[in-house]
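These protein sequence lines map, in sequence, to chains A and B.
Under our numbering, think of the first position of the first sequence as 1, with each following residue one higher.
Under our numbering, think of the first position of the second sequence as 113, with each following residue one higher.
Hints listed in this document are in silico derivations from the structure and should not be mistaken for laboratory results.
Even glycine gets a Cβ: it sits at the ideal position worked out from N, Cα and C.
A few of these clues could be false.
[Stated by the list, open to error] Estimated spans, in silico, between C-beta atoms of each pair: (1) B:T331 / A:D75: 46 to 52 Å; (2) B:I546 / A:I91: 35 to 41 Å; (3) A:E50 / B:L530: 37 to 43 Å; (4) B:V518 / A:P10: 51 to 57 Å.
[What the hints assert, rightly or not] 25 Å max Cα-Cα, derived DSS-like pairs, lysine-lysine: (5) B:K124 / B:K135; (6) B:K124 / A:K40; (7) A:K90 / A:K17; (8) A:K79 / A:K90; (9) A:K40 / B:K397; (10) A:K82 / A:K3.
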Amino acid sequence: MMKIEAIIQPSRFESVKDALREIGIEGMTVTEVRGHGRQKGHTEVYRGREYTVDLLPKIKLEMVLPDALVNRAVDTILKTAKTGKIGDGKIFLSRVEEAIRIRNEERGENAL
Amino acid sequence: MMASLAAPETAKTVSEKLAQLDKDVKAAQSSADNAWMLVSAALVLMMTGPGLALFYGGLVRRKNTLAIMMQSFALMALITVMWALVGYSLCFGGDGHFIGNFEHAFLRGVGADPNPDYAGTIPQLTFMVYQLMFAIITPALITGATAERMKFSGTVLFLTLWFLVVYAPLAHMVWGKGGLLNASLGGKFPTLDFAGGTVVHISSGVSALVCALYLGKRTGYPKQPMPPHSLVLSFIGACLLWVGWFGFNAGSALASNSLASSAFVATHFGAAAAALSWSAAEWIKNGRASALGAISGAVAGLVAITPAAGFVGPMPALAIGILAGAVCYWMVTKVKALFGYDDALDAFGVHGAGGTIGALLTGVFAQQVINPIFGAGKPVGGLDGHWGQVGNQLAGVLVAWIFALVGTLVLLKIVDLLTGIRVPEEHEIEGLDITQHGEEAYNLES
């Protein structure tokens with residue numbers, strides 16, 4: 001089992017979600033987050049005072065998948081989330097030791 | 113025989129009928145004037161709550177929203193009570209040069225009969241309650257400079273004292289019978305102030321500057337970003353201010369007459385022109401016109417047209433608006449940064465500066481065809497042929513500036529000793545909503 005954390009542009013979220021559903025991914029957790037990598041922020045001006053907003057809104061997707069699905073999921077995210085500009089985000093992969101479904105206490109990949 | 117007997121009787125009937133007609137005409141006029149003045153009074157109250165409360169509420173950071181709104185609301189209650197006890201009398205009682213007397217304390221003698229010195233066709237009760245609404249919004253304007261760092265107890269005490277010590281004398285000097293600056297009831301320096309350029313805007317704006325300097329900057333200013341938390345609230349507030357201002361300025365005709373129409377038109381044109389000129393200045397400077405800029409410009413225009421509203425036609429109103437928008441933009445963007453004072457929501461930059469420009473330009477543009485305040489055929493403003501009026505306006509402006517400066521400074525010292533004036537730094541960081549009032553503006557997850 002692998003956990004995929006993908007931080008993407010809010011504008012790409014709907015497409016990424018739809019594409020993941022098409023390849024059979026049934027569950028994900030989504031958070032609205034703020035942050036920045038190499039992307040520079042923008043400036044806002046209120047009555048002549050300039051503010052640099054460097055923490056920009058992003059969407060974070062989290063999903064834990066059986067090993068067999070991981071590569072396809074990563075490819076799908078890469079394909080649909082990419083605009084080619086700085087600020088498209090990142091994908092992080094990590095191994096997950098155990099998963100437990102709370103309702104019936106199933107364990108392992110069955111619980112996903 | 114018959115005819116000679118009938119004649120006196122007919123004459124008597126005719127004179128009775130004429131007297132009755134005269135009475136009916138006066139009653140009809142009084143009804144019309146009273147209807148407009150009661151609506152105007154309500155409109156002016158709406159400028160403070162919710163108008164100003166929303167305008168300022170949106171400009172502060174989220175943690176100080178309720179605190180700034182509560183200051184406006186507290187004044188709606190506090191000044192009303194003070195007004196009933198002594199306030200009205202100190203502003204409009206007697207005929208002294210500097211301040212009223214206690215003739216109308218506890219509203220003694222204020223009833224259905226008009227007060228012919230001020231508004232001869234409406235019940236004095238209406239005049240009294242209309243003027244009260246001005247006394248409410250004036251101290252509320254100052255809270256724009258003290259925002260996000262002044263204690264609630266100190267604010268309430270300071271503004272109550274300020275109303276008695278600064279507002280009441282100035283209102284009497286400019287509008288009261290025999291007042292030093294009164295233009296129509298025997299003042300030494302007849303200052304034209306139709307609806308409160310000196311009494312309301314210079315007094316509050318200059319006092320706001322003193323408060324900002326005395327309190328010091330907000331913690332983190334100007335390094336830390338302090339953007340407005342909801343320009344949507346400010347936008348609604350500014351639009352309510354614009355509408356309410358018709359009551360403020362056109363209502364200052366104190367009757368439902370053609371002067372009220374003239375003031376209404378001038379008010380609207382001034383606001384529109386200033387919204388455009390502020391936006392244009394911003395567009396040239398930043399390449400964009402912002403919503404905050406447009407609404408700030410409109411308010412600046414409304415401030416500047418206030419003293420002039422009942423003295424100028426539509427074209428001078430446009431000119432006053434254009435100048436006010438550009439100058440106030442320069443004040444809040446350049447002058448404030450240059451001197452480094454933290455006038456948090458620009459109470460001085462908009463009301464102090466806008467009020468001063470408006471008062472001076474009133475002396476330039478006032479026309480006797482609009483309002484023959486100095487008598488029929490006598491020129492009023494500079495372009496009318498009476499340049500001396502600009503000097504009179506300057507005298508009024510100076511008196512208002514000095515009075516507001518000194519009065520505010522003394523009161524701040526006193527209040528600082530009594531209750532303290534600034535919240536501790538950790539309270540400022542946590543926000544005034546929680547530390548001063550024990551509640552939060554937004555509990556979106558509850």
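- request: Quick one: which hint numbers does this structure break? Sort them smallest to largest.
  value: Those not satisfied come down to hint 6.
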